[in-house]
Amino acid sequence: MAISDIKEYTHLTAEDVEELGRELDAIRTDIEESRGERDARYIRRAIQLQRGLAAGGRIALFGSRNKVAWTVGTGMLALAKIIENMELGHNITHGQWDWMNDPEIHSTEWEWDTTSPSVHWKKSHNFIHHKYTNIVGLDDDIGYGIMRLTRDQRWERWMIGNPIYNLLLGTLFEWGVAAHGLETTKFRKGEKSKGEVLKDLKIIGKKVGKQVGKDYVVFPALTGPAWKHTLGANAVANLIRNYWSYMVIFCGHFPDGAEKFTRAEYENETQAEWYLRQMLGSANFHAGPLMAFMSGNLCYQIEHHLFPDLPSNRYAEIGERVRALCEKYDLPYTTGPFLRQYSQSFWTIAKLALPNRFLKATSDDAPETNSELKFRIRAGVRETFGVDPKTGRRRGLRTALRELQTAGIAAA
Amino acid sequence: MALKLRDFTRWSEAPAKDVDTASTPKVNVLRGLAARATTPLLPDDYLKLLNPLWSARELRGEVVDVRKETEDSATVTIKPGWGFSGDYQPGQYVGIGLRIDGRWHWRSYSLTSTPRRDKKLISITVKATPEGFLSTHLVNGVKSGTIVRLAAPRGDFALPDPPPTKLLLVTAGSGITPVMAMLRSLKQRGHDPDVVHIHSAPSADGVIFHDELQELDQGPSKYALRLRLTGEMGHLDFEAELDGLVPDWKDRPTWACGPPAMLDAIESVWTEAGAAGRLHMERFVIARTDKGGEGGTVTFALSDKTVEADGATSLLEAGEKVGIQMPFGCRMGICQTCVLPLESGHVRDFRSGIEHGEGDRIQACISAASGDCTLNI
Chain A
1 MAISDIKEYT
11 HLTAEDVEEL
21 GRELDAIRTD
31 IEESRGERDA
41 RYIRRAIQLQ
51 RGLAAGGRIA
61 LFGSRNKVAW
71 TVGTGMLALA
81 KIIENMELGH
91 NITHGQWDWM
101 NDPEIHSTEW
111 EWDTTSPSVH
121 WKKSHNFIHH
131 KYTNIVGLDD
141 DIGYGIMRLT
151 RDQRWERWMI
161 GNPIYNLLLG
171 TLFEWGVAAH
181 GLETTKFRKG
191 EKSKGEVLKD
201 LKIIGKKVGK
211 QVGKDYVVFP
221 ALTGPAWKHT
231 LGANAVANLI
241 RNYWSYMVIF
251 CGHFPDGAEK
261 FTRAEYENET
271 QAEWYLRQML
281 GSANFHAGPL
291 MAFMSGNLCY
301 QIEHHLFPDL
311 PSNRYAEIGE
321 RVRALCEKYD
331 LPYTTGPFLR
341 QYSQSFWTIA
351 KLALPNRFLK
361 ATSDDAPETN
371 SELKFRIRAG
381 VRETFGVDPK
391 TGRRRGLRTA
401 LRELQTAGIA
411 AA
Chain B
1 MALKLRDFTR
11 WSEAPAKDVD
21 TASTPKVNVL
31 RGLAARATTP
41 LLPDDYLKLL
51 NPLWSARELR
61 GEVVDVRKET
71 EDSATVTIKP
81 GWGFSGDYQP
91 GQYVGIGLRI
101 DGRWHWRSYS
111 LTSTPRRDKK
121 LISITVKATP
131 EGFLSTHLVN
141 GVKSGTIVRL
151 AAPRGDFALP
161 DPPPTKLLLV
171 TAGSGITPVM
181 AMLRSLKQRG
191 HDPDVVHIHS
201 APSADGVIFH
211 DELQELDQGP
221 SKYALRLRLT
231 GEMGHLDFEA
241 ELDGLVPDWK
251 DRPTWACGPP
261 AMLDAIESVW
271 TEAGAAGRLH
281 MERFVIARTD
291 KGGEGGTVTF
301 ALSDKTVEAD
311 GATSLLEAGE
321 KVGIQMPFGC
331 RMGICQTCVL
341 PLESGHVRDF
351 RSGIEHGEGD
361 RIQACISAAS
371 GDCTLNI
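First to last, the sequence lines map onto chains A and B.
For the first sequence, our numbering assigns the number 1 to the initial residue and increments by one for each residue that follows.
For the second sequence, our numbering assigns the number 1 to the initial residue and increments by one for each residue that follows.
Since the hints were derived computationally from the structure, they do not count as laboratory data.
It should be emphasised that the depicted structure is a prediction, and the values quoted were computed from it without experimental measurement.
It is possible that part of the hints are untrue.
[As the list claims (entries may be wrong)] With a Cα cut of at most 30 Å, we get these calculated DSS-like pairs of lysine-lysine:
id : chain 1 : residue 1 : chain 2 : residue 2
1  : A       : K123      : B       : K17
2  : A       : K206      : A       : K186
3  : B       : K305      : A       : K7
4  : B       : K305      : A       : K131
5  : A       : K186      : B       : K305
6  : B       : K222      : B       : K187
7  : A       : K199      : B       : K17
8  : B       : K4        : A       : K206
9  : B       : K305      : A       : K192
10 : A       : K360      : A       : K374
11 : A       : K123      : A       : K210
12 : B       : K250      : B       : K222
All chains should be built: construct the whole structure from the sequences, respecting the hints.
Dropping the structure here:
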């Protein structure tokens, strides 16, 4: 039934959580006060690189009848689209660079290179997903209304197609993101009128027209006799971007260890508990500097969810401090190799095509969701959590999870 | 047929219809067509990588020269990029954005260049003031080649063309700058009205454009300078001394620019004489009047934050106090960067005293809460 009492689940007292909140606030203040020319140069160079790649790719595709030119052009264009969507579009519209007071790199001005209009994205993602992160029934990103992502969600017959929807979404990711702006789940629940949906559809249609016009009409036409090759190249570049951003994003909240929460948890939540929910609900993946850049620094999903509006180039250093806090409060810091994280997500989605009665684990103690009852069910409530007066070390959630694991009871 | 062409033109320029153009708006037809290939960007966003001045998305310019005028003032000459119209009036000001440690800072300065002359270059003359972070930077720190942002010239402190036959100019300190642009353009246009110019400065060394003013004064024109060195003679007492200095002042349309205390004195003298209609003033600093609101709780709806603010605190300051990234520019009510929609409640413009209500777009830097209000940010 997902986590309803985050303090009990994390084996922390209210004071512990408030203290953790203060320490996270201190990280924010440090970063805010040290933003300056170095950071500004980073984003300017990222933009230069992205535009250089885009222009270079488009130019190379004028010779798209040549195999080498086609491959180089398609590759450059795909890279440009990935960087634009991940490191630029996503992060700039979060307001990460608003502090520069530069109207050309500002959350209110940026329109990204994808079919989803920024204005919709800012609502469905920046507001709904980042505020209600992983709360079943409030965060539309848990399954996007087209998949079952946790056994907390009631099974319905159409969900039998879960693995297929998953692959389709990866392939058509750009279109999925655009459609997400319609908030069809709200429409189905009757919280949104048909008129409002049509209005949003119109906004999407306008943006789609421009995007499709550019990739599938203007550039093929400009390259004249090579139009077929250019059209194909643009489609492939969009497809590469789709799969890549889909994989990165699915590694953010769907791997094992990214917890789900109930409305009850949200209703009486303090700011510090919100922080804690973001930490437990998100998952990172291992990445070097290049991979981090190509993922828009979403390999630091935990840090991004704690501080969505701090500049992405600082997430690596924030990560070190967040890890130290996890160590101090004995909390898990969910991360792993990219492909392992993705395959966990993939497997969860595949499994959840089946109703809960065919699944072994309960929603209190499953790979994709847990609750505070997990410990009572399996081991009884332990009295020995908290700071050990002898060693000064804290015995908390991470230790408890490890103990359950070594006890040899595995769930699936 | 003509209608069809017009439709085609309108369709072509649609993506670029709000872009400023320097010469003719027809450029935007081309820009709009090219934007079909660069959407969601403009072609300018790529071209500026080749040359930073090749973009009209945001007006910008390159500093080509910084020349000291006095110990603490300098003239900065700027080559404007695409989209900047040289069609301004002498006396108007221009917004200048400078990047310092990654952040853009904005202030407005009077143009001291004359329109459509000076090889399309514009210049501003800046006096460094101890509290003026940006002015100090412009006078002492800015190098040739620096790219600055520009906001289109505006302001209604300008001489009519042709000018009145007799006029009075009253300036002090850096208040000389808009008036210098007026004097220079009068000369260039070959106008020679009867000008009396009262200028105050602490000492002869501190007079910006000292030599140029003296030259005009001693030249053949009908320009007469009344220089007041306040270090030796003290501030001019308009009520007591003006009649002796310029006996026919009431008949002269007057342009005045300088510190708030001087302008306040002038305003009251002119008003008393029933000559306020002939007085034109330019204020560089906003004087906080008692016209503020009574204060209240300000709610920032999208950020989900509230703060108590008194009637003297601007909504901009109130928002920044609770950590909201408020858009800001000049912070003195001229550049419109900070304009936000007022969701509910009332705010008062503390310069004009005008009260704004729900649905108005208000300037956060010069508005204070007048009761509880909600801003959509």
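Each hint, compared with the structure:
1. With a C-alpha separation of about 27 Å, the suggested pair K123 of chain A and K17 of chain B falls inside the 30 Å cut-off, and the hint holds.
2. Between K206 of chain A and K186 of chain A, the direct Cα distance comes to roughly 22 Å. Compliance with the 30 Å bound is thereby established for this hinted pair.
3. Between the alpha carbons of K305 of chain B and K7 of chain A the distance comes to roughly 25 Å, so the proposed pair stays at or under 30 Å and holds.
4. The suggested pairing of K305 of chain B with K131 of chain A holds, with an alpha-carbon distance near 14 Å, which does not exceed 30 Å.
5. In summary, the hint linking K186 of chain A to K305 of chain B is supported, as the alpha carbons are separated by about 26 Å, within the 30 Å threshold.
6. Note on K222 of chain B and K187 of chain B: the hinted pairing holds, with a Cα-Cα distance of about 11 Å set against a maximum of 30 Å.
7. Using a Cα cut-off of 30 Å, the hinted pair K199 of chain A and K17 of chain B holds, with the two alpha carbons roughly 23 Å apart.
8. For the hint linking K4 of chain B to K206 of chain A, the alpha-carbon distance of about 22 Å falls within 30 Å, and the restraint holds.
9. At most 30 Å may separate the alpha-carbon atoms for a hinted pair to count; K305 of chain B and K192 of chain A meet this at roughly 26 Å.
10. With a C-alpha separation of about 14 Å, the suggested pairing of K360 of chain A with K374 of chain A holds against the 30 Å cut-off.
11. For a cut-off of 30 Å, the pair hint linking K123 of chain A to K210 of chain A stands: about 21 Å separates their Cα positions.
12. For the proposed pair K250 of chain B and K222 of chain B, the alpha carbon gap of about 19 Å is at most 30 Å, so the pair holds.
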